[in-house]
Amino acid sequence: MIEVSNLSKSYGSLKAVDDISFSLKDGEILGFLGPNGAGKSTTMNMLCGLTIPDEGEIKINGFDLSKNPRKAKRHIGYLPEIPPLYPDMTVLELLSFCCELKDYSGNVSEECNRVLNLCGIENVKTRLIKNLSKGYRQRTGIATALIGNPKVLILDEPTVGLDPKQIKEIRDVIKNLSKKHSIILSSHILPEVSAICDRIIIINKGKIAAIDTPENLSSSLQSSFNIYIEIEGPKEDVLYTISSLDNVLSVEAVKKIDEKIFGYMIKGEKDKDIRRSLFYALADGKMPILKLEVEQMSLEDAFLHITLEEEFKEGEDRTYEDLDNI
Amino acid sequence: MKTWTIFKREIRGYFYSPQAYILMGFFILLTGFFFSDFIVHTRYPSIQYSMANWPMIFLFIAPILTMKLFTEERKYGTEKLVFSSPISVTEVVLGKFLSVCVVYLSSLILTLIHVIIVSIIGKPDLGSIFTSYIGNMLLGFSFLSVGVFASSLTENQIISAIISFGLLIFFWIIDILQGIFSGIPLKLIKLISLFEPYTSFQNGIISLSSVIYYISFTGIFLFLTVRVIKSRWLQ
Numbered sequence: 005m006i007e008v009s010n011l012s013k014s015y016g017s018l019k020a021v022d023d024i025s026f027s028l029k030d031g032e033i034l035g036f037l038g039p040n041g042a043g044k045s046t047t048m049n050m051l052c053g054l055t056i057p058d059e060g061e062i063k064i065n066g067f068d069l070s071k072n073p074r075k076a077k078r079h080i081g082y083l084p085e086i087p088p089l090y091p092d093m094t095v096l097e098l099l100s101f102c103c104e105l106k107d108y109s110g111n112v113s114e115e116c117n118r119v120l121n122l123c124g125i126e127n128v129k130t131r132l133i134k135n136l137s138k139g140y141r142q143r144t145g146i147a148t149a150l151i152g153n154p155k156v157l158i159l160d161e162p163t164v165g166l167d168p169k170q171i172k173e174i175r176d177v178i179k180n181l182s183k184k185h186s187i188i189l190s191s192h193i194l195p196e197v198s199a200i201c202d203r204i205i206i207i208n209k210g211k212i213a214a215i216d217t218p219e220n221l222s223s224s225l226q227s228s229f230n231i232y233i234e235i236e237g238p239k240e241d242v243l244y245t246i247s248s249l250d251n252v253l254s255v256e257a258v259k260k261i262d263e264k265i266f267g268y269m270i271k272g273e274k275d276k277d278i279r280r281s282l283f284y285a286l287a288d289g290k291m292p293i294l295k296l297e298v299e300q301m302s303l304e305d306a307f308l309h310i311t312l313e314e315e316f317k318e319g320e321d322r323t324y325e326d327l328d329n330i
Numbered sequence: 105m106k107t108w109t110i111f112k113r114e115i116r117g118y119f120y121s122p123q124a125y126i127l128m129g130f131f132i133l134l135t136g137f138f139f140s141d142f143i144v145h146t147r148y149p150s151i152q153y154s155m156a157n158w159p160m161i162f163l164f165i166a167p168i169l170t171m172k173l174f175t176e177e178r179k180y181g182t183e184k185l186v187f188s189s190p191i192s193v194t195e196v197v198l199g200k201f202l203s204v205c206v207v208y209l210s211s212l213i214l215t216l217i218h219v220i221i222v223s224i225i226g227k228p229d230l231g232s233i234f235t236s237y238i239g240n241m242l243l244g245f246s247f248l249s250v251g252v253f254a255s256s257l258t259e260n261q262i263i264s265a266i267i268s269f270g271l272l273i274f275f276w277i278i279d280i281l282q283g284i285f286s287g288i289p290l291k292l293i294k295l296i297s298l299f300e301p302y303t304s305f306q307n308g309i310i311s312l313s314s315v316i317y318y319i320s321f322t323g324i325f326l327f328l329t330v331r332v333i334k335s336r337w338l339q
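Chains as they are written, first to last, in my numbering: chain U, 5 to 330; chain A, 105 to 339.
Rather than coming from a laboratory, the hints here were simulated on the basis of the structure.
Hints may contain errors.
Stated by the list, open to error - In silico lysine-lysine, DSSO-like type, Cα no more than 27 Å apart, as pairs:
no. : chain 1 : residue 1 : chain 2 : residue 2
1   : U       : K75       : A       : K112
2   : U       : K63       : U       : K75
3   : U       : K71       : A       : K106
4   : U       : K169      : U       : K183
5   : U       : K75       : A       : K106
6   : A       : K179      : U       : K129
7   : U       : K155      : A       : K106
8   : U       : K274      : U       : K239
9   : U       : K19       : A       : K334
10  : U       : K290      : U       : K259
11  : U       : K184      : U       : K172
12  : U       : K129      : A       : K106
13  : A       : K106      : U       : K63
What the hints assert, rightly or not - Label-pair ranges, simulated between beta-carbon atoms:
no. : chain 1 : residue 1 : chain 2 : residue 2 : range
14  : U       : K184      : A       : Q123      : 36 to 44 Å
15  : U       : K75       : A       : R331      : 18 to 26 Å
16  : A       : T194      : U       : N10       : 25 to 33 Å
17  : A       : Q339      : U       : A199      : 30 to 38 Å
Beta carbons: idealized from backbone N, C-alpha and C, even for Gly.
In isolation and in its complexed conformation, chain A is listed as follows:
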């Protein structure tokens, strides 16, 4: 499977350069700040409250993490090497997407130290922590798929980051608009809001509809990436 070949190269690129470490460090620093801030001020051993901030933190990290994926291929002309080989566009997109997922999962794994700390000082609800992790993981994958899509649109990393950031902000702002609208527009907003399904995970529920929502959201953006490459690069 060629996805594995591409995946290996990308993972190597992330971990042989400071990029992955800086972004993971940034994530750990901010999540750690929210975690300790909450515990110090409330003296209550819980990580759910700080976890509620994670998607916001990752919203800033995801565009930077993904911006180089396809832009660099075009910058160095290596897309010619890749696509003149017996490999399908889907395999390339999947390999690259999986590599950023692994970088993201590594930083999630590092946050398990918060769980260990609260388990020592109190009795946390491990069930809802687990579902929150699942929620963060799925939400994070959706962010990354938007980033992968944006990086296929341009040759410039900065522009790619701005596009994915803009798209993610759009899905976030639409969530805020929930207070303004009612009736059908509200339903529509709830339907496309990226953060709405996340709340059920926070409450300790793994709802099938939320899981399906995130998986299809991710799937749609990866599919769009494949389309963009086929229709714009290979012309």
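Chain U on its own, in the form it takes in the complex:
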């Protein structure tokens, strides 16, 4: 649906986007993740033809954006960070304006009603946008992106400013949309991205730091199989029993719950599940397990790991705020 190759954009000496390539498949939800100023919005602007890239090629539904902008843009619905709304129009007026703007050939009022229903804003359709609350404005913004049924939706932080109930609703809307649309979505809310995206691109300093499914991202970064366990019994015996097991790298007591009960952190070898042998060994020693938890590296950790690691490697301390100001 979208093919991006070797995309670059500099502002003066600052490389906002540096040689990015990726593709978006039909019906896929792709998440853009990255710290502030990493180049997410710049990349999205380039995909919509709002920023002309210095180098690289963007193909939307087979049409080259620079050579055939009209045909390419017809397939895009874009929601920028700040929803693009004319305050002096009513919601319905704005949507029919968007219909015309996007060359929608079908029945305009039917299309408006469809989108109004989808975004749950039909009860405010005759209100002026300047009188709407933040949540309704955000929904109206999403509606402007959806109108005309474009094949690709590019949503820049679509759930910002919504209350938790609305966030859930909008997420459900987005998930449902992916049946008919391909979606690129940026966010810095990690649970959101991991909940709805099929694939994630982590962008850092204008480069793609990682690109994979949310599960793979967190598991690939995990270097060991970690278990937190609470056991009743003498500490030395427990430590001895556990450390004598196969595939255990290290074990330490991290928490004292009461005189006899301690919390331990066990690091096992990656991809080796030691929970069963652990259970039998402790049962033999009459040391009951009170709690056991497998520590998954969350996407949050993966994200921090990737972005911080990069920074570590390069050893420079450029502030991300520089990029924000552009």
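Starting from the known structure of chain U, fit chain A onto it as the hints suggest.
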């Protein structure tokens, strides 16, 4: 044609808000003042003399009328909606320009009441009134194109108004300088003066060179607007 889409939205914006009415009212009030002042003092039924003041009045109105055109798009971020749609920059600029032209033409139409009044009380030279209207229209379009250009330069309406006002004052002052210079500088001044071609319309002549002058002046500023948007906004 997307120009029509943009045009409709802008016209709606002008006439659904007090803005167009206030500016048109201001224009009618001042032109009416000059008109009645002349008739009352000279007892001579003519509108040519009061019409000579119209460009000066409109010179103050044009910057205010045009200042919101592109500045608001940037302020509300709606330029992202417009330019991510299948539409060309030229279509957007033309649509916006035409909408302010229509607002200006509406106020010109309202001044026709002056023509009706002088026709009742005397026998005016309708031919030269007609050419003066054509002249005012073309001159007004040139003013508006400068305003459209200025509004593409900044995000601030006040700054936009000041820029277009400054540019228009420049073209006016250059006209005054005609008395000081002679020879080549004078020719140069006459060449770029926005008001010089207007005099022929006042005298009842539609001169081709004046028409071409105003059309190309307008065209150049609209073209510059397109360039500014392409090179500064879409970067």
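Here is how each hint holds up against the structure:
Restraint check for K75/U and K112/A: the C-alpha separation of about 24 Å stays at or below 27 Å, so the hint holds. Only pairs whose Cα atoms come within 27 Å are accepted, and K63/U paired with K75/U is accepted, the gap being roughly 11 Å. For the proposed pair K71/U and K106/A, the alpha carbon gap of about 20 Å is at most 27 Å, so the pair holds. At roughly 22 Å between alpha-carbon atoms, K169/U and K183/U fall within 27 Å of each other, so this suggested pair holds.
Pair hint K75/U plus K106/A holds up; C-alpha atoms about 14 Å apart against a cutoff of 27 Å. In summary, the hint linking K179/A to K129/U is supported, as the alpha carbons are separated by about 23 Å, within the 27 Å threshold. A distance of roughly 21 Å separates the Cα atoms of K155/U and K106/A; the hinted pair therefore holds under the 27 Å criterion. The straight-line distance between the Cα atoms of K274/U and K239/U is roughly 25 Å, inside the 27 Å bound, and the hint therefore holds.
Simply put, K19/U and K334/A have alpha-carbon atoms about 21 Å apart, close enough for the 27 Å limit, and the pair holds. Annotation: proposed proximity of K290/U to K259/U holds, straight-line Cα distance about 20 Å (limit 27 Å). Under the criterion of a C-alpha separation no larger than 27 Å, the hint pairing K184/U with K172/U is consistent with the structure, at around 20 Å. About 24 Å separates the Cα atoms of K129/U and K106/A, which keeps this hinted pair within 27 Å; it holds.
Pair hint K106/A plus K63/U holds up; C-alpha atoms about 24 Å apart against a cutoff of 27 Å. The given range of 36 to 44 Å is respected by K184/U and Q123/A, whose C-beta atoms sit roughly 41 Å from each other. The supplied range of 18 to 26 Å is met by K75/U and R331/A, whose beta-carbon atoms lie about 24 Å from each other. At about 30 Å, the CB distance of T194/A to N10/U agrees with the hint of 25 to 33 Å.
Take Q339/A and A199/U: their Cβ atoms lie about 35 Å apart, and the range 30 to 38 Å holds.
Checked against the numbered hints above, the structure breaks none of them.
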